[in-house]
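Enquirer: The lines below spell out each chain.
There are 2 protein chains.
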Amino acid sequence: MRGTMQDWPLLCPKILDHAARLHPHRTILSRSVEGPLHTTTWAEVHSRARRVAKRLARDRIGFGDRVATLAWNTWRHLEVWYGLLGLGAIYHTVNPRLFHEQIAWIINDAEDRLLFVDLTFLPIVEILADKLPTIERIVVLTDGAHLPETRLTNVVAYEDWLAEADDDFAWATFDETTAAGLCYTSGTTGHPKGVLYSHRSNVLHAWQAATVDMFGCSSRDVVMPVVPMFHANCWSLAFTAPLVGAALVMPGAKLDGASIHEMLEVGRVTLTAAVPTVWLMLLRHMEAKGLGLSHLKRVVIGGAACPRAITEAFETTYDVRVAHAWGMTETSPLGTVCGPKPETADLDLAGRLDLQIKQGVPPFGVEMKITDDEGRERPRDGRAFGRLKVRGPAVTGAYFKGAGAECFDADGFFDTGDVATIDANGYMQITDRAKDVVKSGGEWISTIDLENLAIAHPDVQEAAVIGVPHPKWDERPLLIVVVKDGRSPTKDDILGFFEGKIAKWWMPDDVVFVDEIPHTATGKIQKTVLRERYAK
Amino acid sequence: MRGTMQDWPLLCPKILDHAARLHPHRTILSRSVEGPLHTTTWAEVHSRARRVAKRLARDRIGFGDRVATLAWNTWRHLEVWYGLLGLGAIYHTVNPRLFHEQIAWIINDAEDRLLFVDLTFLPIVEILADKLPTIERIVVLTDGAHLPETRLTNVVAYEDWLAEADDDFAWATFDETTAAGLCYTSGTTGHPKGVLYSHRSNVLHAWQAATVDMFGCSSRDVVMPVVPMFHANCWSLAFTAPLVGAALVMPGAKLDGASIHEMLEVGRVTLTAAVPTVWLMLLRHMEAKGLGLSHLKRVVIGGAACPRAITEAFETTYDVRVAHAWGMTETSPLGTVCGPKPETADLDLAGRLDLQIKQGVPPFGVEMKITDDEGRERPRDGRAFGRLKVRGPAVTGAYFKGAGAECFDADGFFDTGDVATIDANGYMQITDRAKDVVKSGGEWISTIDLENLAIAHPDVQEAAVIGVPHPKWDERPLLIVVVKDGRSPTKDDILGFFEGKIAKWWMPDDVVFVDEIPHTATGKIQKTVLRERYAK
Ligand SMILES: Nc1ncnc2c1ncn2[C@@H]1O[C@H](COP(=O)(O)O)[C@@H](O)[C@H]1O
Numbered sequence: 001m002r003g004t005m006q007d008w009p010l011l012c013p014k015i016l017d018h019a020a021r022l023h024p025h026r027t028i029l030s031r032s033v034e035g036p037l038h039t040t041t042w043a044e045v046h047s048r049a050r051r052v053a054k055r056l057a058r059d060r061i062g063f064g065d066r067v068a069t070l071a072w073n074t075w076r077h078l079e080v081w082y083g084l085l086g087l088g089a090i091y092h093t094v095n096p097r098l099f100h101e102q103i104a105w106i107i108n109d110a111e112d113r114l115l116f117v118d119l120t121f122l123p124i125v126e127i128l129a130d131k132l133p134t135i136e137r138i139v140v141l142t143d144g145a146h147l148p149e150t151r152l153t154n155v156v157a158y159e160d161w162l163a164e165a166d167d168d169f170a171w172a173t174f175d176e177t178t179a180a181g182l183c184y185t186s187g188t189t190g191h192p193k194g195v196l197y198s199h200r201s202n203v204l205h206a207w208q209a210a211t212v213d214m215f216g217c218s219s220r221d222v223v224m225p226v227v228p229m230f231h232a233n234c235w236s237l238a239f240t241a242p243l244v245g246a247a248l249v250m251p252g253a254k255l256d257g258a259s260i261h262e263m264l265e266v267g268r269v270t271l272t273a274a275v276p277t278v279w280l281m282l283l284r285h286m287e288a289k290g291l292g293l294s295h296l297k298r299v300v301i302g303g304a305a306c307p308r309a310i311t312e313a314f315e316t317t318y319d320v321r322v323a324h325a326w327g328m329t330e331t332s333p334l335g336t337v338c339g340p341k342p343e344t345a346d347l348d349l350a351g352r353l354d355l356q357i358k359q360g361v362p363p364f365g366v367e368m369k370i371t372d373d374e375g376r377e378r379p380r381d382g383r384a385f386g387r388l389k390v391r392g393p394a395v396t397g398a399y400f401k402g403a404g405a406e407c408f409d410a411d412g413f414f415d416t417g418d419v420a421t422i423d424a425n426g427y428m429q430i431t432d433r434a435k436d437v438v439k440s441g442g443e444w445i446s447t448i449d450l451e452n453l454a455i456a457h458p459d460v461q462e463a464a465v466i467g468v469p470h471p472k473w474d475e476r477p478l479l480i481v482v483v484k485d486g487r488s489p490t491k492d493d494i495l496g497f498f499e500g501k502i503a504k505w506w507m508p509d510d511v512v513f514v515d516e517i518p519h520t521a522t523g524k525i526q527k528t529v530l531r532e533r534y535a536k
Numbered sequence: 001m002r003g004t005m006q007d008w009p010l011l012c013p014k015i016l017d018h019a020a021r022l023h024p025h026r027t028i029l030s031r032s033v034e035g036p037l038h039t040t041t042w043a044e045v046h047s048r049a050r051r052v053a054k055r056l057a058r059d060r061i062g063f064g065d066r067v068a069t070l071a072w073n074t075w076r077h078l079e080v081w082y083g084l085l086g087l088g089a090i091y092h093t094v095n096p097r098l099f100h101e102q103i104a105w106i107i108n109d110a111e112d113r114l115l116f117v118d119l120t121f122l123p124i125v126e127i128l129a130d131k132l133p134t135i136e137r138i139v140v141l142t143d144g145a146h147l148p149e150t151r152l153t154n155v156v157a158y159e160d161w162l163a164e165a166d167d168d169f170a171w172a173t174f175d176e177t178t179a180a181g182l183c184y185t186s187g188t189t190g191h192p193k194g195v196l197y198s199h200r201s202n203v204l205h206a207w208q209a210a211t212v213d214m215f216g217c218s219s220r221d222v223v224m225p226v227v228p229m230f231h232a233n234c235w236s237l238a239f240t241a242p243l244v245g246a247a248l249v250m251p252g253a254k255l256d257g258a259s260i261h262e263m264l265e266v267g268r269v270t271l272t273a274a275v276p277t278v279w280l281m282l283l284r285h286m287e288a289k290g291l292g293l294s295h296l297k298r299v300v301i302g303g304a305a306c307p308r309a310i311t312e313a314f315e316t317t318y319d320v321r322v323a324h325a326w327g328m329t330e331t332s333p334l335g336t337v338c339g340p341k342p343e344t345a346d347l348d349l350a351g352r353l354d355l356q357i358k359q360g361v362p363p364f365g366v367e368m369k370i371t372d373d374e375g376r377e378r379p380r381d382g383r384a385f386g387r388l389k390v391r392g393p394a395v396t397g398a399y400f401k402g403a404g405a406e407c408f409d410a411d412g413f414f415d416t417g418d419v420a421t422i423d424a425n426g427y428m429q430i431t432d433r434a435k436d437v438v439k440s441g442g443e444w445i446s447t448i449d450l451e452n453l454a455i456a457h458p459d460v461q462e463a464a465v466i467g468v469p470h471p472k473w474d475e476r477p478l479l480i481v482v483v484k485d486g487r488s489p490t491k492d493d494i495l496g497f498f499e500g501k502i503a504k505w506w507m508p509d510d511v512v513f514v515d516e517i518p519h520t521a522t523g524k525i526q527k528t529v530l531r532e533r534y535a536k
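So the protein lines, in turn, are chains A and B. Position 193 (the first sequence) corresponds to 193 in UniProt numbering; numbering is contiguous. Position 338 (the second sequence) corresponds to 338 in UniProt numbering; numbering is contiguous.
Source of the hints: derived by calculation from the structure; they are not laboratory data. The model shown is predicted, which means the values in this text are computed figures rather than measured ones. The C-beta atom is built at its ideal place from N, Cα and C for all residues, glycine as well. One should not assume that every hint holds.
Chain B side only, calculated, beta carbon under 10 Å to chain A, not exhaustive [unchecked claim]:
1) 7
2) 21
3) 25
4) 101
5) 123
6) 347
7) 400
8) 408
9) 489
10) 517
11) 518
Could you build the full structure based on these sequences and the hints that come with them?
Expert: So, in structure tokens, the structure goes:
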């Protein structure tokens, strides 16, 4: 028997309708790519997004079409998203930090028809244009006056293009499972794989994100996503902010400490989110200049493990609450946020900082488990490691064009490729990547834990641990170390430092001293190369 | 093009799974109908709800079957809900305050197969049993020791019945639009009409309710729904609390001031919700005994307009934030909550109390408009009245068995039967019921406003305003007054009191003094009777 409730599909443009109707004058402050600060409102974004949709329709962009953006967080990028969404077309956010060949590859894989590009990234497009046969037109996110000379043909300034349409446009309606956005994982091996968010998943994820133990933002918040819109939906903030009627601050192209600090202060930001490196830059800048934070209440830190020192600085020096978060492109991305539960709300500072090393607790709508290689669930005792698997309405169930089918369980769980523990209070902690963890005698050893310990040694500059084949134990850990200039510790110095700090069987079998550890373009250690070199 | 996101239907039992997994030890404290306080946890409720489902299946209750409950808010009622939900069966909460004939009528209309009943209501069932042909079995929500003598056959104590099943049971899976719960409107005219909530609408509504500007509760809250589960899903709190991992306090059968105060204090309740009369009883009790509130932070008041005096007492004497809320059975029920927006956050106390008279702002997922009788939208200026119409995924689109089709617009909006204003900041205020508003020369006059003004007159005990036919203006207001003992104001005394306080054309054409104003069983003024008597 069916309920009598209304059929009201969960479509992203309804979020913007809501913000424009109930919070019309709430501002969106951006640092424009051209330079000056720019202010608009939800009512204006709503009007201009409808113009975008109408104008796109004139370019014969419609339902199911993919359109690429190579752009920073600004009001224009936001308008383009919602304009596309209002047609049932798909925003494909391209990460401009990828290698050029990868950018071309994913635009071609997506078969994007238009490309919206910020001035900053026009040079990349000039280099790649000949390799992008599906792109019919390039819209530069600026006005006519700022459009530079370019060898590209078929280029138009966004404001000129937009001036050709008014806002008398009604959003298209369609099934809520319709694709809304496309984002490729940065995948360290093989080609990038696309995740196609649906209208439904974006809306449900925005509701999840809005709950108190996640972002917990309201109409009285000013939210600044420093995390880019091209990084997994800027963690849903382009949806969650209008859903709750919050004001937005968009940092544009400048993510250095001084620029971020300026936006936090000028914009009176109360909630912000980004990866740890951004916060490191901000903290260094504030320390150097003796600055404080007048409005900020809460900072969400994710995308990589958040060092204790960053958390401590925010919590103690600046009186800002830190929410460590975990997620990935495949999970929309929010999977967990680390905040106080009644069981942990009364910890002292040291206890709180220990807790905040963990990635946190999933909201309703994210089912989470850890399993061994055979798929058997591992205990939730805070010690046992397992492959982290997730399920939910905002978790992908496949990749675009059927890639990566091996990541999905028979029971519908997505294997994240992360290895984690879950403690009795439900806090998840990432301990390794599945492909890096060392499997010794059936038990798992965290390479991240060993690396963190190694770099705590006063003579160690950088460290990496890999598993090397072993006749009896299958694998044993090998520690690879770059020593600090002028230091020359022995193997025994290093391993002696580990004693008493880890289980005996975690002790690396050997230490190799090297001059340099190889890295990827995004700064991650290339363990594949290390294994090639040292694990044979 | 479809997104690649997982197909994860929004089913209510998943909310309980979440609470049991992430918040297993969080408590549910109830005042049992037998008397003593009783404590359980989400993990135990989860286990016992699965036993309920398994046991129900043995009684051959399954998908689509309706099962009635005549019960207070207790852990057992909660277990029965989730047990039914886990089978795809439908909890039908019957309001025990209805007239006996109405109770029989709706149980027959629903074709309920079982009846779960609290000890308190067993006498009603004894009276009605012969008129309930579809009821196969009566389960009394108690243990064997407390089961009283009864002339009813086929009666079993819940705990005995439940003991016949273990918890090795997997929830059924089905489409999320499947009916989950059934609740009849108390409808003043004609038969009650049923609203069939779906799993989807309950889950989406719980997410809406959880947002900061609505209930804004978290895992650190202790939530007490005083509003009964038979009153429109106890305003979603039986879903919202486990969704966010909050603890629950269930007040059972005792809603008097002393009992509620005890539960607030003993249970360390931080958030609670009920109709104004409950809070009036609590405030009187606390004042009489000189008591305070040690833990309560926020009280949600709805179901009827909240008098300013109640709000003021909570805000000033007890330092508790008041959230005035509006909703109805047909809207799951939350439609609006009145809280601070940036535009109103800095009001002084008087301004805040004025604001809190309003019913508030809808969350994302509730579309709201006011229209004239022809369906044209009226201005959002805080002055223009209109019929209040709503649309959304947790708003009903029809009534059970096709009743009341006239309440639904061509564009899918539900006509609430309320008349309201919406101000420039989006705050809605109920000004009248559509059937009561006086339509004078094409403009609408609020009978509620006039009545409130009349009872402010020192000589007036009670007042009612009705429209009487008028040859030129269609209708004109007539004021009907009961004067206080020993007072004898003239018509001019009364009307003189209105002068300068209302627009001239709102002035009642006449005043009728009466000894008594007729009321319904639930205490509402019977305007139909007044119209019969005075508007001819
Ligand atoms: N808070 C965190 N701590 C540790 N690793 C993280 C965290 N957040 C994200 N990651 C890593 O980043 C991956 C997702 O990358 P991406 O899809 O590019 O966002 C995850 O699978 C994790 O390995």
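Enquirer: Looking back at the hints listed earlier, which ones does the structure fail to meet?
Expert: Violated: hints 4, 5, 6, 9, 10, 11.
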